[in-house]
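Engineer: The chain contents come next:
There are 2 protein chains.
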Amino acid sequence: MIKLDLTGTQKFAPAPDAAACKAAIDTLVHGTGAGNDFTGWVDLPEHYDRAEFARIQAAAKKIQANSKALVVIGIGGSYLGARAVIELLKSPNYNALPKNTPDIYFAGNGISGEALSELLTMIGDRDFSVNVISKSGTTTEPAIAFRIFRELLEKKYGKDGARERIFATTDKARGALKTLATQEGYETFVVPDNVGGRYSVLTAVGLLPIACAGIDIDRLMRGAQEERRQILAEGVSSAAAQYAMQRQYFYKQGKKVEILAAYEPAFRFMAEWWKQLYGESEGKDGVGIFPASVDLTPDLHSMGQYIQDGERMLQETVVFFDHARTEVRVPSDEENLDGLNYLAGRTMSYINEKAMQATRAAHIDGGVPVTVLRLEKDNEEAVGALIYFFEFACGVSGYMSGVNPFNQPGVEAYKKNMFHLLGKPGY
Amino acid sequence: MIKLDLTGTQKFAPAPDAAACKAAIDTLVHGTGAGNDFTGWVDLPEHYDRAEFARIQAAAKKIQANSKALVVIGIGGSYLGARAVIELLKSPNYNALPKNTPDIYFAGNGISGEALSELLTMIGDRDFSVNVISKSGTTTEPAIAFRIFRELLEKKYGKDGARERIFATTDKARGALKTLATQEGYETFVVPDNVGGRYSVLTAVGLLPIACAGIDIDRLMRGAQEERRQILAEGVSSAAAQYAMQRQYFYKQGKKVEILAAYEPAFRFMAEWWKQLYGESEGKDGVGIFPASVDLTPDLHSMGQYIQDGERMLQETVVFFDHARTEVRVPSDEENLDGLNYLAGRTMSYINEKAMQATRAAHIDGGVPVTVLRLEKDNEEAVGALIYFFEFACGVSGYMSGVNPFNQPGVEAYKKNMFHLLGKPGY
Chain A
0 MIKLDLTGTQ
10 KFAPAPDAAA
20 CKAAIDTLVH
30 GTGAGNDFTG
40 WVDLPEHYDR
50 AEFARIQAAA
60 KKIQANSKAL
70 VVIGIGGSYL
80 GARAVIELLK
90 SPNYNALPKN
100 TPDIYFAGNG
110 ISGEALSELL
120 TMIGDRDFSV
130 NVISKSGTTT
140 EPAIAFRIFR
150 ELLEKKYGKD
160 GARERIFATT
170 DKARGALKTL
180 ATQEGYETFV
190 VPDNVGGRYS
200 VLTAVGLLPI
210 ACAGIDIDRL
220 MRGAQEERRQ
230 ILAEGVSSAA
240 AQYAMQRQYF
250 YKQGKKVEIL
260 AAYEPAFRFM
270 AEWWKQLYGE
280 SEGKDGVGIF
290 PASVDLTPDL
300 HSMGQYIQDG
310 ERMLQETVVF
320 FDHARTEVRV
330 PSDEENLDGL
340 NYLAGRTMSY
350 INEKAMQATR
360 AAHIDGGVPV
370 TVLRLEKDNE
380 EAVGALIYFF
390 EFACGVSGYM
400 SGVNPFNQPG
410 VEAYKKNMFH
420 LLGKPGY
Chain B
0 MIKLDLTGTQ
10 KFAPAPDAAA
20 CKAAIDTLVH
30 GTGAGNDFTG
40 WVDLPEHYDR
50 AEFARIQAAA
60 KKIQANSKAL
70 VVIGIGGSYL
80 GARAVIELLK
90 SPNYNALPKN
100 TPDIYFAGNG
110 ISGEALSELL
120 TMIGDRDFSV
130 NVISKSGTTT
140 EPAIAFRIFR
150 ELLEKKYGKD
160 GARERIFATT
170 DKARGALKTL
180 ATQEGYETFV
190 VPDNVGGRYS
200 VLTAVGLLPI
210 ACAGIDIDRL
220 MRGAQEERRQ
230 ILAEGVSSAA
240 AQYAMQRQYF
250 YKQGKKVEIL
260 AAYEPAFRFM
270 AEWWKQLYGE
280 SEGKDGVGIF
290 PASVDLTPDL
300 HSMGQYIQDG
310 ERMLQETVVF
320 FDHARTEVRV
330 PSDEENLDGL
340 NYLAGRTMSY
350 INEKAMQATR
360 AAHIDGGVPV
370 TVLRLEKDNE
380 EAVGALIYFF
390 EFACGVSGYM
400 SGVNPFNQPG
410 VEAYKKNMFH
420 LLGKPGY
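Protein sequences, first through last, are from chains A and B. The opening residue of the first sequence carries number 0 in numbering that gives the first Met the number 0; numbering runs sequentially from there. The opening residue of the second sequence carries number 0 in numbering that gives the first Met the number 0; numbering runs sequentially from there.
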């Protein structure tokens, strides 16, 4: 479902290390490497909990029936994946467009009081539900937001009513949120022990909000499943392995920044998800490709100059979608003052594709190796496959660079300082 | 109005080149350097056209009175500045929040048919106006969008009605859009000859959409004016010069990526504006600091790991706002399962500030020099000052690195290829 085009890197004569890649795949698949207690996502598309999956679908139906809005409370991996898939398969304008599924708002991913207070205004007096997502239940950002929204729900619907509207995605047995959920009788879903936050979009963490938006999560899982089978069958020849090898090769050649470029604004949050996945998995021990993203063609009139002609430390990966949902054609104009009649009758998809090809060629000329991934838009299977593709390639790429792709020790540094400054007991 | 805190770089013993900085300032202010025909923005806050400024304010009032939505058509510098200021001073949720000014949509900055078609749905049958912004009137992206919206306006209101709702910001005398505007009788505003797109937010390019959103553009200009006076009085000791010197010093030390970090989601598009300003001004001739941005604290759970512990090629600039518009306090909870009662009664601004200080200290420990800029939120003067601060520092920094900060030759490469692929006459 994902076509990998490496012709845009040939000019740079890459010599990817297939032996190292094979070793990394083996390490990942057999669970023999660093962080191997967090590789549950590898087999997840085959071996997920079918009973919980059905409960997710039922909970989504319940929320759709009784709520005009869903507030998803979570930070990092607990919101990026869901938001990414909803924006890509529905729209970045999802909330503003007419539909028969609830508006979906993401909260508890920062500490801006202004953002939170605006969210309360936007929800207004509409019926809403909350999906709080936290392994521990004590992470500062989501815990603050959950206190506020829980209080609001209890005021609005009473304790019994609120219970019907709070869905907790958390540890299966332990932690503050699990304890509270058991005590209050909230329906709970599981953040698996062996799947880290940034690899969790295909667990309940991502699937409940995604299902609420009316996206077919069966198809999403099926796509991931197919991609997994293909990767395991093809090994180092698979698209995911090729992508991993290539980016590591270019990294060693000094291409220390990877730009992920898409030609649809709907992809923006998938790029944010990708940045967490790769940045947090690979950026450690003083190494790692710096992940950045651009939204094209808009950013050709912003970062385009740098990509074309700035410091030569860039490699680029393009995600391009076939088959647009809607076609808009360029109108003809008698006077043709803008000189655009040569495009009259052309669809914007057609022009967008030519822009992509033109940009690809220009960047290659400028010394930037360009890899292109093509897939279908508005196709849940393809998006499920893309998620698994990026996850698998990330694990392989991380092992190839010699790091543990499944920990994030650096995230603790600011937390410790913050707890100390805030006077948290024990710090 | 902008407080610059360099204490977070002292550990790295920077030795900025004051002589080179002074030379760069002189070159910029006296207009003796490369690209000196595009330095009109330097004196703009003092010497702008007052009569046109009054016409901008009158046009904004007219649009506010007869339109529920304004469609701003432009790409690159023709939309980033306006969108940035509106999101920062109003809100990234501006369109979704209750208000008595029109919704503002940005179009013609890409080639996605899906995005355009969704915009048509969102406007629906509401009354709207268009501000088309293009020096030439022939840039592909905005020209396509303008054909579509002009056709729509003429269908809806007739030729005479449409004339009252189309505002063209374009060249003062020449070009396809100027010709059309004259012929059709549209009100026009000027993209000055001596101000490039990325430095144009304080001309009609940015000011008309900004004024439509109900922002006091007099105060915005006054802030830029004050900042200009201060910089010219203080020279190399000014905050802008210090920032320019410092980032060039660290660049030479191998800190090739600058991360702009803010702790308010409302800042996101200011960071996009900054990326264009710096990336396009400095990224050429094989050199330039790569500009990236993060939204904190959310991205501490995404790019945070990399910043703390990845490849050591980063320098960081923080923009932090004092005085939040609204205060939200952490509620108390009897059971305190989440352990958050130590924060009960605290405002989120208080916690956000501690998070900033904690993160700053963690990143310095991790080997990242951190510069902090502080200013007031919801203060037009401060935002005007910030704009001028970044523009001036960019010009100085660009000259210090030996490039022409006012051209963008690399942007033509993809265009030439694209016109060829699309069969444009003459290519």
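Incorrect hints may have been included.
With a straight-line Cα cutoff of 30 Å, these simulated BS3-like cross-link-like pairs (lysine-lysine) come out [stated by the list, open to error]:
| hint | chain 1 | residue 1 | chain 2 | residue 2 |
| --- | --- | --- | --- | --- |
| 1 | A | Lys414 | B | Lys353 |
| 2 | A | Lys21 | A | Lys10 |
| 3 | A | Lys10 | B | Lys414 |
Over 12 Å on every C-beta distance to chain B, these chain A residues come out as not near it, computed from the model [what the hints assert, rightly or not]:
| hint | residue |
| --- | --- |
| 4 | Lys21 |
| 5 | Thr26 |
| 6 | Asp36 |
| 7 | Ala58 |
| 8 | Asn99 |
| 9 | Thr100 |
| 10 | Ala175 |
| 11 | Gly213 |
| 12 | Asp215 |
| 13 | Gln224 |
| 14 | Asp284 |
| 15 | Phe289 |
| 16 | Pro290 |
| 17 | Arg345 |
| 18 | Lys353 |
| 19 | His419 |
From the structure, some residues in chain B lie toward chain A, with a derived Cβ separation under 8 Å [to be verified]:
| hint | residue |
| --- | --- |
| 20 | Asp308 |
| 21 | Asp321 |
| 22 | Ala323 |
| 23 | Ile363 |
Simulated from the structure, these hints should not be mistaken for laboratory data. Computed from a prediction, not measured in an experiment: that's the story for all the values here. For every residue, glycine included, the Cβ atom is placed at its ideal position computed from N, Cα and C.
Engineer: May I ask you to test the interface hint for Ala323 of chain B with respect to chain A, counting a Cβ-Cβ separation under 8 Å as satisfied?
Structural biologist: Hint on Ala323 of chain B: holds, closest Cβ of chain A at ~5 Å, below 8 Å.
Engineer: So Gln224 of chain A supposedly isn't at the interface. Is its beta-carbon more than 12 Å from every beta-carbon in chain B?
Structural biologist: 27 Å, holds
Engineer: Was Lys353 of chain A rightly flagged as not at the interface, with every chain B Cβ beyond 12 Å?
Structural biologist: Its Cβ does come within 12 Å of chain B, the nearest being 4 Å, so this is violated.
Engineer: Test the statement that Gly213 of chain A is away from the interface with chain B: the closest C-beta pair must be farther apart than 12 Å.
Structural biologist: Per Cβ check, Gly213 of chain A is outside 12 Å of chain B; nearest 16 Å; holds.
Engineer: Given Asp308 of chain B was flagged as interface, is its beta-carbon under 8 Å from a beta-carbon of chain A?
Structural biologist: 4 Å, holds
Engineer: Please verify that the nearest CB of chain B lies beyond 12 Å from His419 of chain A's CB.
Structural biologist: 8 Å, violated
Engineer: With a cut-off of 30 Å on the C-alpha distance, tell me whether Lys414 of chain A and Lys353 of chain B pass.
Structural biologist: Holds: Lys414 of chain A and Lys353 of chain B sit about 10 Å apart, inside 30 Å.
Engineer: Check the hint pairing Lys10 of chain A with Lys414 of chain B against an upper bound of 30 Å on the C-alpha distance.
Structural biologist: 21 Å, holds
Engineer: Confirm or reject: Arg345 of chain A is not an interface residue toward chain B, with every Cβ-Cβ distance exceeding 12 Å.
Structural biologist: 8 Å, violated
Engineer: Identify whether the interface hint at Asp321 of chain B stands, where standing means a beta carbon of chain A within less than 8 Å of its own.
Structural biologist: Status violated, d = 13 Å.
Engineer: Per the stated criterion, does the least C-beta distance between Ala58 of chain A and chain B lie above 12 Å, as a non-interface residue requires?
Structural biologist: Given that every Cβ of chain B is farther than 12 Å from that of Ala58 of chain A, nearest at about 23 Å, it holds.
Engineer: Take a quick look at Phe289 of chain A and tell me if its Cβ sits farther than 12 Å from every Cβ on chain B, holds or violated.
Structural biologist: Violated: least Cβ distance 6 Å, not greater than 12 Å.
Checked against the numbered hints given earlier, the structure breaks hints 10, 14, 15, 16, 17, 18, 19, 21, 23 and satisfies all the rest.
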